[in-house]
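Chains as they are written, first to last, in the numbering used here: chain A, 1 to 154; chain B, 1 to 972.
By construction, these hints were calculated from the structure, which means they are not laboratory data.
Hints may contain errors.
Computed list of lysine-lysine pairs in DSSO-like fashion (alpha-carbon distance at most 30 Å, straight line) [unchecked claim]:
{"id": "1", "chain 1": "B", "residue 1": "Lys741", "chain 2": "B", "residue 2": "Lys889"}
{"id": "2", "chain 1": "B", "residue 1": "Lys946", "chain 2": "A", "residue 2": "Lys74"}
{"id": "3", "chain 1": "B", "residue 1": "Lys400", "chain 2": "B", "residue 2": "Lys363"}
{"id": "4", "chain 1": "B", "residue 1": "Lys935", "chain 2": "A", "residue 2": "Lys126"}
{"id": "5", "chain 1": "B", "residue 1": "Lys906", "chain 2": "A", "residue 2": "Lys88"}
{"id": "6", "chain 1": "B", "residue 1": "Lys546", "chain 2": "B", "residue 2": "Lys657"}
{"id": "7", "chain 1": "B", "residue 1": "Lys820", "chain 2": "A", "residue 2": "Lys152"}
{"id": "8", "chain 1": "A", "residue 1": "Lys126", "chain 2": "B", "residue 2": "Lys946"}
{"id": "9", "chain 1": "A", "residue 1": "Lys114", "chain 2": "B", "residue 2": "Lys741"}
{"id": "10", "chain 1": "B", "residue 1": "Lys285", "chain 2": "B", "residue 2": "Lys314"}
{"id": "11", "chain 1": "B", "residue 1": "Lys691", "chain 2": "B", "residue 2": "Lys614"}
{"id": "12", "chain 1": "A", "residue 1": "Lys8", "chain 2": "B", "residue 2": "Lys906"}
{"id": "13", "chain 1": "B", "residue 1": "Lys935", "chain 2": "A", "residue 2": "Lys114"}
{"id": "14", "chain 1": "B", "residue 1": "Lys487", "chain 2": "B", "residue 2": "Lys935"}
{"id": "15", "chain 1": "B", "residue 1": "Lys946", "chain 2": "A", "residue 2": "Lys134"}
{"id": "16", "chain 1": "A", "residue 1": "Lys152", "chain 2": "B", "residue 2": "Lys946"}
{"id": "17", "chain 1": "A", "residue 1": "Lys70", "chain 2": "B", "residue 2": "Lys605"}
{"id": "18", "chain 1": "A", "residue 1": "Lys88", "chain 2": "A", "residue 2": "Lys8"}
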Amino acid sequence: MAGNFQVKSQIEGKKINAELSGAINEDASLEQIPSGFEQYVFDFNNVNLINSCGIRDWIGLLDRLGSNVKITYKRCPQIIIEQINMVKGFIRPNTSIENFYAPYFDPEPDQEIKVLIKTSDIQNGKAPAMKNGKGEPLEFDAIEDQYFFFLKNK
Amino acid sequence: MIFRNQSFLNLWWKLELMSGPRTNQPKFIFPLKGKIILLFSTIFILGIFIYVFYAVNLFKEDKTAFIYDATLAKVESINDSLSFQKNQIETILNAYLNNLDESRVAKNYGESQKQLKQAILRSKLPIYEISIISKSSSDPKGLELLELALPPSIGRDHFRHFFSQQDLEFKSSSSPKMYSDIFQFDNEKVLQLPLNIGSKIAMVRMGISGLFKTFERQQSHLIILFPSDKKEQNFMFGQREIFALNKIKESDIRASIWDFLARSNTNAASTTVTNLNLTSKELNKNFPVLMGMKFNQELNLWILALVPESHAFKATRFLINRSVYLGGILISLTVFLGVLFARGLTRPLESLARTASQLALGKFGIVAPVSGRDEISELTVTFNQMSQDIAHYIGEMKEKNRLESEMAVAQLVQSTFFPSTEKNFGIASVSGKYLSASECGGDWWGSLRFGNKIVVVICDATGHGVGAALMTATAFCAVRNLESVIKDRPHFLDHPGHIMQYLNYAALGMQGKMLMTSVVGIYNLETGLFKYSNASHCPPLLFKAKLNNDEVAKDQFIPLMEANGHRLGHKEQELYDSQEMLLEKGDAILFHSDGVVEVQNPEGKPFGQRRFIKSLIDSKMNDAKSIVDTVFNDITAFQNGQHANDDITTVVLQRNKICTIKYAFYFPDALTCDWQMLTQILASKGIQLEKTENLDSAQVIFFGLNSEEDISSESSQSLLNSYSQKVYVISSLSSDINIRKVLTKFNVSHLTGVNAPNFYDEVADQIYRGLVGPIWGIETYLGQNAKVEIREIDAVSEIIPSVNQLIEQFDLSETFSTLKDYLSTVSVELLSNAVFDAARDPSGALKYYQLEKRKDLVLQGHEKVRIAMGKNNNVVALSVTDNFGGLTKEMLLKGIERCLDNPTPKSGDGGAGMGLYFAFSMSSALILNVWDVNKTEVIALFDLQKRQKIYKERVSSLHFFREGILWPGTFR
Numbered sequence: 001m002a003g004n005f006q007v008k009s010q011i012e013g014k015k016i017n018a019e020l021s022g023a024i025n026e027d028a029s030l031e032q033i034p035s036g037f038e039q040y041v042f043d044f045n046n047v048n049l050i051n052s053c054g055i056r057d058w059i060g061l062l063d064r065l066g067s068n069v070k071i072t073y074k075r076c077p078q079i080i081i082e083q084i085n086m087v088k089g090f091i092r093p094n095t096s097i098e099n100f101y102a103p104y105f106d107p108e109p110d111q112e113i114k115v116l117i118k119t120s121d122i123q124n125g126k127a128p129a130m131k132n133g134k135g136e137p138l139e140f141d142a143i144e145d146q147y148f149f150f151l152k153n154k
Numbered sequence: 001m002i003f004r005n006q007s008f009l010n011l012w013w014k015l016e017l018m019s020g021p022r023t024n025q026p027k028f029i030f031p032l033k034g035k036i037i038l039l040f041s042t043i044f045i046l047g048i049f050i051y052v053f054y055a056v057n058l059f060k061e062d063k064t065a066f067i068y069d070a071t072l073a074k075v076e077s078i079n080d081s082l083s084f085q086k087n088q089i090e091t092i093l094n095a096y097l098n099n100l101d102e103s104r105v106a107k108n109y110g111e112s113q114k115q116l117k118q119a120i121l122r123s124k125l126p127i128y129e130i131s132i133i134s135k136s137s138s139d140p141k142g143l144e145l146l147e148l149a150l151p152p153s154i155g156r157d158h159f160r161h162f163f164s165q166q167d168l169e170f171k172s173s174s175s176p177k178m179y180s181d182i183f184q185f186d187n188e189k190v191l192q193l194p195l196n197i198g199s200k201i202a203m204v205r206m207g208i209s210g211l212f213k214t215f216e217r218q219q220s221h222l223i224i225l226f227p228s229d230k231k232e233q234n235f236m237f238g239q240r241e242i243f244a245l246n247k248i249k250e251s252d253i254r255a256s257i258w259d260f261l262a263r264s265n266t267n268a269a270s271t272t273v274t275n276l277n278l279t280s281k282e283l284n285k286n287f288p289v290l291m292g293m294k295f296n297q298e299l300n301l302w303i304l305a306l307v308p309e310s311h312a313f314k315a316t317r318f319l320i321n322r323s324v325y326l327g328g329i330l331i332s333l334t335v336f337l338g339v340l341f342a343r344g345l346t347r348p349l350e351s352l353a354r355t356a357s358q359l360a361l362g363k364f365g366i367v368a369p370v371s372g373r374d375e376i377s378e379l380t381v382t383f384n385q386m387s388q389d390i391a392h393y394i395g396e397m398k399e400k401n402r403l404e405s406e407m408a409v410a411q412l413v414q415s416t417f418f419p420s421t422e423k424n425f426g427i428a429s430v431s432g433k434y435l436s437a438s439e440c441g442g443d444w445w446g447s448l449r450f451g452n453k454i455v456v457v458i459c460d461a462t463g464h465g466v467g468a469a470l471m472t473a474t475a476f477c478a479v480r481n482l483e484s485v486i487k488d489r490p491h492f493l494d495h496p497g498h499i500m501q502y503l504n505y506a507a508l509g510m511q512g513k514m515l516m517t518s519v520v521g522i523y524n525l526e527t528g529l530f531k532y533s534n535a536s537h538c539p540p541l542l543f544k545a546k547l548n549n550d551e552v553a554k555d556q557f558i559p560l561m562e563a564n565g566h567r568l569g570h571k572e573q574e575l576y577d578s579q580e581m582l583l584e585k586g587d588a589i590l591f592h593s594d595g596v597v598e599v600q601n602p603e604g605k606p607f608g609q610r611r612f613i614k615s616l617i618d619s620k621m622n623d624a625k626s627i628v629d630t631v632f633n634d635i636t637a638f639q640n641g642q643h644a645n646d647d648i649t650t651v652v653l654q655r656n657k658i659c660t661i662k663y664a665f666y667f668p669d670a671l672t673c674d675w676q677m678l679t680q681i682l683a684s685k686g687i688q689l690e691k692t693e694n695l696d697s698a699q700v701i702f703f704g705l706n707s708e709e710d711i712s713s714e715s716s717q718s719l720l721n722s723y724s725q726k727v728y729v730i731s732s733l734s735s736d737i738n739i740r741k742v743l744t745k746f747n748v749s750h751l752t753g754v755n756a757p758n759f760y761d762e763v764a765d766q767i768y769r770g771l772v773g774p775i776w777g778i779e780t781y782l783g784q785n786a787k788v789e790i791r792e793i794d795a796v797s798e799i800i801p802s803v804n805q806l807i808e809q810f811d812l813s814e815t816f817s818t819l820k821d822y823l824s825t826v827s828v829e830l831l832s833n834a835v836f837d838a839a840r841d842p843s844g845a846l847k848y849y850q851l852e853k854r855k856d857l858v859l860q861g862h863e864k865v866r867i868a869m870g871k872n873n874n875v876v877a878l879s880v881t882d883n884f885g886g887l888t889k890e891m892l893l894k895g896i897e898r899c900l901d902n903p904t905p906k907s908g909d910g911g912a913g914m915g916l917y918f919a920f921s922m923s924s925a926l927i928l929n930v931w932d933v934n935k936t937e938v939i940a941l942f943d944l945q946k947r948q949k950i951y952k953e954r955v956s957s958l959h960f961f962r963e964g965i966l967w968p969g970t971f972r
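Please put together the full structure from these sequences, using the hints given.
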């Protein structure tokens, strides 16, 4: 559930890996993310909420970091992807999404599975084919044009 | 002098141009002054003329007679004079001629001759000589001459020589003519007069110039003497200057006289006066004269006296001229005096006329100066009184008009107090009619709907007229303010006695000067329960319909006698009881004022309760409007022209036997709808769908959208523009198109995605909700048995924890996992909006909008934000409610559209402006309930789907409901 925003950073020279958790909202202290690095990798795996004010602040963060830095998003939850698709400015020319969670449906247990897929695995706007443990194909449980919209929306 | 006076000129002739309102003004006005002057002048002139004419004629006649007499007298006088002279001479000669003979014998002839001369001298006759001619033949000489003095101008010798010739001729003639002759010797006229004196003939030659001179002394007549033989040379004229002046010659005169004598039958013996025209040959013109003529037979002499008529009537003409001049002077004097008099007479009239003109131009109250003591001054006084009276009456009329105008305005204003005569709420109908006994009445009725409750109020203020109307205004305003009262006191809708107490409080403001009776009824559309409270009003009638039997009988009407309290405005702290009953289908409540049963016909009989019930029975009690119409028609017929003494009001609240909704549909072929399914679902809710082709009479129009062309066609545009308020859009298009091209362009309040999992339920529910209600709360979407959790939010810091808490209450394991994220995101967004963007300060400005969102805002006590979350088998529902009512449909659509155009957060300290966009995008259906300035509720519904794809493929629905007092005429 949504909660306090936290950043766990790991610096590798001019690169910083920031593991984000909690809710990115108006209360999130994005100042925790320092400027000055050449490369930023943001791990959204534990982000459970991002609201419109959080998005605005995040865009402000991106402005602060500058357009010369290289920013990578990884392990983006579906909600983040959906909001990336809905909001302009989340993805910049210097921003890329390394991987993200996509919904698949496993017909056998008849339930949804969140599968972490790589952006590079998406070819021609199609979700990569996935199989369950039994080797049965999983059904991509989203509208591809909609879900992968961020790939065009830079 | 007076002609230089413009007013004088004007008084003679006024030329009035016809213009403006004085179209009846004569073109030419002849002033009174002129008339008076004209009258005076006419009378005087007429008198003068009559006098002059008569007098002059008289004078003329008199003068003519005088002249005639004078002329006649002249001629007579001349004749007499000549005759006298002749006689005198004869006498003398008779006396002395014998002496001469005797003296001849006696040889004293000389002495006798001397005596004769002396006798002649003594006679003073102008005898120049007498030739005595003897008639005896024995006397060879027979001539004696008696010479007397001659005038110096006549030479003796010449005289003697001439007359000796005459003597010789006479003597030698055997029958000498014994007629006179006249001769002209230079300037002397000589008359030769033969006289028989015994045996002798005396030729007397005497001067008659003196005679001419004597009778021509006044130079009035021209004396003419001529012997009967009319020899030209013997024609003696007297003074003829006048004739000469007029170029009348002697020859002209002579010719004219001879001509006249030849033509006329004049008796030579008579004396006459005649008119003669002398003709001037030179001038070839006539010269009229008056001629007196006499023939002296003794002397054989014509004696004429001529006088020119112009000369003769000179005096007359003189008199006429003088009369004319005098008349002119007198007329002028008359006019002058007339002007003076008229002025004095007409000045007050002119002043009055001027004042009257001013009065006619609208200067009421103007007065004219009063002068004199006559009828005109009396008229002026009366006029002044009239003018002032008119001013007074005008003032009173203005006041009356003002009062009538104000009464008309009051009547007009009061007419706005009344609702439209008939309103069908589907489940129930309310119809009413009111007829005032005067311009403004003391009855009032109103009907309002709040949620699923219908409130009916009927009032009757004491009396009628302006005072009673003011009382009804009090009732109207009080009921109208119920909207804000109910906000803080929602229990008012549970108990009509509360509303009655509230009305009583309002009526007490009249301090007991006016009282009012009233009945308040509240009908619950959902439960069918009717409650009423009575403040000494005519008890309403309950009509109980018979099941499966349309016959109406008297015993079906039950007067509701309970729950009666004091009149409104009578007693403070009055508590009003209420009674309740269930209305089945077809049952009705009949409210009326006492004027209904008390109205009289021309015979003075009242309509009465019996006729009232009969009228209701005759109406068959089928629908509220026909019931009211039947009662009023029967009352009108009963009155038969008799004016009502009291206001008449009848109101009917009836639970419809059948709740029918007329619907039409406008569907493209590619889109289908199972109307039967929809009909069944609505029927289960007590609503009957009735199809109609008439878009005007349809209460719902289903509009299908399958492609953009379905919107862009002209017919679609026209329909959406004309009937947006009753259009239910069923769309298969994307949310983007639905928002941009349907909801923001047309004032449509309902859009359902065609692929909604419970499409028909959703449509039926929204129709029912709009018709019956209630609209508030997610319970209406989840059903009574659904689990609903509610949290009150007092501070920003409570938002996320409350949302997390709520979501944990519900098992969402059977749904796609992101649903929780949707719930969380939408809840947080809606709560943030409610907390930061809803609250207003007393001026109406947003109180917390500009606050930085990080601020840990704590709401004040009266600022309520509530989140509710619930779930049934089909949906998860959440609602966020605030008590400010600031969010409108337009704001919501605008917010979403902005983000569709430019999906970037707003910068600045306020919100990011994307919350509603997220709510719409992430939910299956978004519902906005607004009670203006009072309350806002945003409900988001999330279809419970296992498959996110299916969830995402669903076209989102949007519904808007507006709450508040719904005066009849509003269909939500």
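Right, here's what the structure says about each hint:
no.: 1; hint: B:Lys741 with B:Lys889; in the structure: holds (15 Å)
no.: 2; hint: B:Lys946 with A:Lys74; in the structure: holds (26 Å)
no.: 3; hint: B:Lys400 with B:Lys363; in the structure: holds (19 Å)
no.: 4; hint: B:Lys935 with A:Lys126; in the structure: violated (46 Å)
no.: 5; hint: B:Lys906 with A:Lys88; in the structure: holds (11 Å)
no.: 6; hint: B:Lys546 with B:Lys657; in the structure: holds (11 Å)
no.: 7; hint: B:Lys820 with A:Lys152; in the structure: holds (27 Å)
no.: 8; hint: A:Lys126 with B:Lys946; in the structure: holds (22 Å)
no.: 9; hint: A:Lys114 with B:Lys741; in the structure: violated (36 Å)
no.: 10; hint: B:Lys285 with B:Lys314; in the structure: holds (20 Å)
no.: 11; hint: B:Lys691 with B:Lys614; in the structure: violated (35 Å)
no.: 12; hint: A:Lys8 with B:Lys906; in the structure: holds (29 Å)
no.: 13; hint: B:Lys935 with A:Lys114; in the structure: violated (40 Å)
no.: 14; hint: B:Lys487 with B:Lys935; in the structure: holds (9 Å)
no.: 15; hint: B:Lys946 with A:Lys134; in the structure: holds (21 Å)
no.: 16; hint: A:Lys152 with B:Lys946; in the structure: holds (28 Å)
no.: 17; hint: A:Lys70 with B:Lys605; in the structure: violated (100 Å)
no.: 18; hint: A:Lys88 with A:Lys8; in the structure: holds (26 Å)
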